[in-house]
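Visitor: Quick mapping for you: the protein sequence lines, in order, are chains A and B. For the first sequence, this note's numbering gives the first residue as 83, with consecutive numbering after it. For the second sequence, this note's numbering gives the first residue as 1446, with consecutive numbering after it.
Think of the hints as simulated: they come from the structure by calculation, not from any bench. Take the hints with a grain of salt, since some may be wrong.
[To be verified] Over 12 Å on every C-beta distance to chain A, these chain B residues come out as not near it, computed from the model: (1) 1472; (2) 1502; (3) 1503; (4) 1531; (5) 1578; (6) 1594; (7) 1603; (8) 1609; (9) 1621.
[Claimed, not checked] Now the stretches of chain A that chain B is said to cover, found in silico as 3 or more residues with beta-carbon under 8 Å: (10) 120–130; (11) 272–280; (12) 361–371; (13) 418–428.
[Stated by the list, open to error] With a straight-line cut-off of 30 Å between C-alpha atoms, the simulated DSSO-like cross-links for lysine-lysine are: (14) A/381 x B/1619; (15) A/125 x A/488; (16) B/1639 x A/381; (17) A/381 x B/1536; (18) A/381 x B/1453; (19) A/381 x B/1460; (20) A/381 x A/87; (21) B/1639 x B/1585; (22) B/1585 x A/381; (23) B/1585 x A/87.
Where is the CB? At the ideal position from N, CA and C, for every residue including glycine.
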Amino acid sequence: MAEFKEIAADAPVVAKVTNWLENRFPTAFDAYRVHMSEYYAPKNFNFWYFFGSLAMLVLVIQIVTGIFLVMHYKPDAALAFGSVEYIMRDVPWGWLVRYMHSTGASAFFVVVYLHMFRGLIYGSYRKPRELVWIFGCAIFLVLMAEAFMGYLLPWGQMSYWGAQVIVNLFSAIPFIGPDLALLIRGDYVVGDATLNRFFSFHVIAVPLVLLGLVVAHLLALHDVGSNNPDGVEIKGPNAPKDARGKPLDGIPFHPYYTVHDIMGVSVFLMVFSAILFFAPEFGGYFLEYNNFIPADPLKTPAHIAPVWYFTPFYSMLRAITTEMMYALIACVVLTAALGVLRTQLSTLGKGVVLVVALVLIALMLAIDAKFWGVVVMGGAVIILFFLPWLDNSPVKSIRYRPDWHKYLYAIFVFMFLILGYLGIQAPGVWGNLWGQDVAQRVSQLFTFGYFAFFLLMPWWSRMGQPKPVPSRVTFEAH
Amino acid sequence: MSDTLADKSQMDPSKRTWLIATGCAGTVGGVAAAIPFISTFQPSERAKAAGAAVEVDISALKPGEKVTIEWRGKPVWIMRRTPEQLATLEKVEGQLADPNSDRKAYPTPDYAKNRHRSIKPELFVGVGICSHLGCSPSDKLQPGAQPSLPDDWQGGFLCPCHGSTFDMAGRVFKNKPAPDNLEVPPHMYLSDSKLLIGEDKKA
């Protein structure tokens, strides 16, 4: 136990209360110092560093609005759609709470995508922050599950058919798939049982996991310290420190970054409120129009697409056709050939490469494209977890990478956005050219591009002459 | 930590054995306790019971018309095809992935293993659920070029989710995401105008 501190009898009341608490709950006081007043963050944070705290803000908005929605919502296939409309029309201010929750879902993905992009360009996933990045990727994955299950709850046409499609993805897994899909649905079709369990997952199970991961993400971050736009370590053994050993390029999180983040929060809330009050459906992107029609198991809407934040991955799923499989098999053959002919692997290693390639090709020919579509879609998220070990660049930040790296990142973002756009649109949106579906070919090409960006990163990230990295962060007082 | 025990000889290995045994017993107990919870995910007895056969009156169905009825929560299409629509089945056969309904993902009953995939040539009975990811394809009965469809389209069905196309007998075209033809449910004719969906003569 920590030493019990005595305080003068004539001390002010506030000091007495503080002392009383500090003697009984020193952990809270230590935590305040470690995570707030003595957590030194680099002083050169820029615009991109708002999105971490904004993600926390949106998480709080979602939890609070969610608690109030549950007070009026009915998780029952016969009542769910009506209860959401009841919240919208009859519950005093219910429309506001509901729109905050639905707009918050999209806002969550906006800030999380920008937060991830920040990590990507400044190398925030590099040693020693690999675990921070991995916890972050896990948060992204869990957030997708949370959003997907939440989308079923209004029990509209898009809720129903979206769930139908995604649950059926699992039935594509060989052997166990159909039984697994049955276990997820709890019925032979998406129905009341599915709605009830998704409700349970959405309001309690997944949020608990999400909160745990957020805590792990922050604790790991505060252990290794924040990265910054220069990718220069401010707490390393050679970093400049003051007489007390505090980093010269760091400032305490509180009050400096708490005040800084309040500005970010203010701007964010302006944009958030503008959408909330003037365009809560956001032209059918945040709340799809088909979802204002009650779920009808007998009729799929003419055009079904997931909400915008899933569409890049959904495009990749759609891109995997039987023809695409031949292209993928060609990639496996090429990789195996390079592995055998152009590397210094031992004979045993080369043999392993060949056997793995042959097994993979056999599986690719034996199992239909639908399953591989699921693998590609899942792989597009899972591959992010491995980013720390794919990047071999001698410098962390994009600022000191060769200029052509910046164009590569720009192309990657462009491909991701186009995949997202195509995922919103109906198949064949760009018509036919020379008998080919242009949109499908583009999505197939960009699916390749997405994976090539990551899988070839160990090689391209090493190429080119990086610029000299300064010994201290670049910062101009303002 | 390794330095907490100054002398390895002081260690009592029997305690470690018991720790391992306790750990194993605890794991077995944990798994056993998890089984009932996982089991609650299975379809309930009520869900299993709700699978009875459905009787449909088809006397009012005119050529070219389609009705959709619900069987086990799924849409079942009953369509009386016109002679022109039946004639397209032969024309498209070269473009189909499985023209003879040999694939096994959704086995086609023997009485529907023919070009028109039905008992009576004009009357098609099929589950209107795409074999890809469970969307319900929409009617594209009008032949000719139109959005999302090839220029030599003969009439059939298009899945709005991932663009799989099916001919007038629910057979899937090549190079589409759907791995199989539309399912033909077990069915039989009770009379010329009465159709029973969900049971056939074998049952």
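Visitor: Find the hints from earlier in the document that the structure breaks and name them by number, from lowest to highest.
Guide: Failing hints, ascending: 5, 6, 7, 8, 9, 10, 12, 13, 18, 19, 20, 23.
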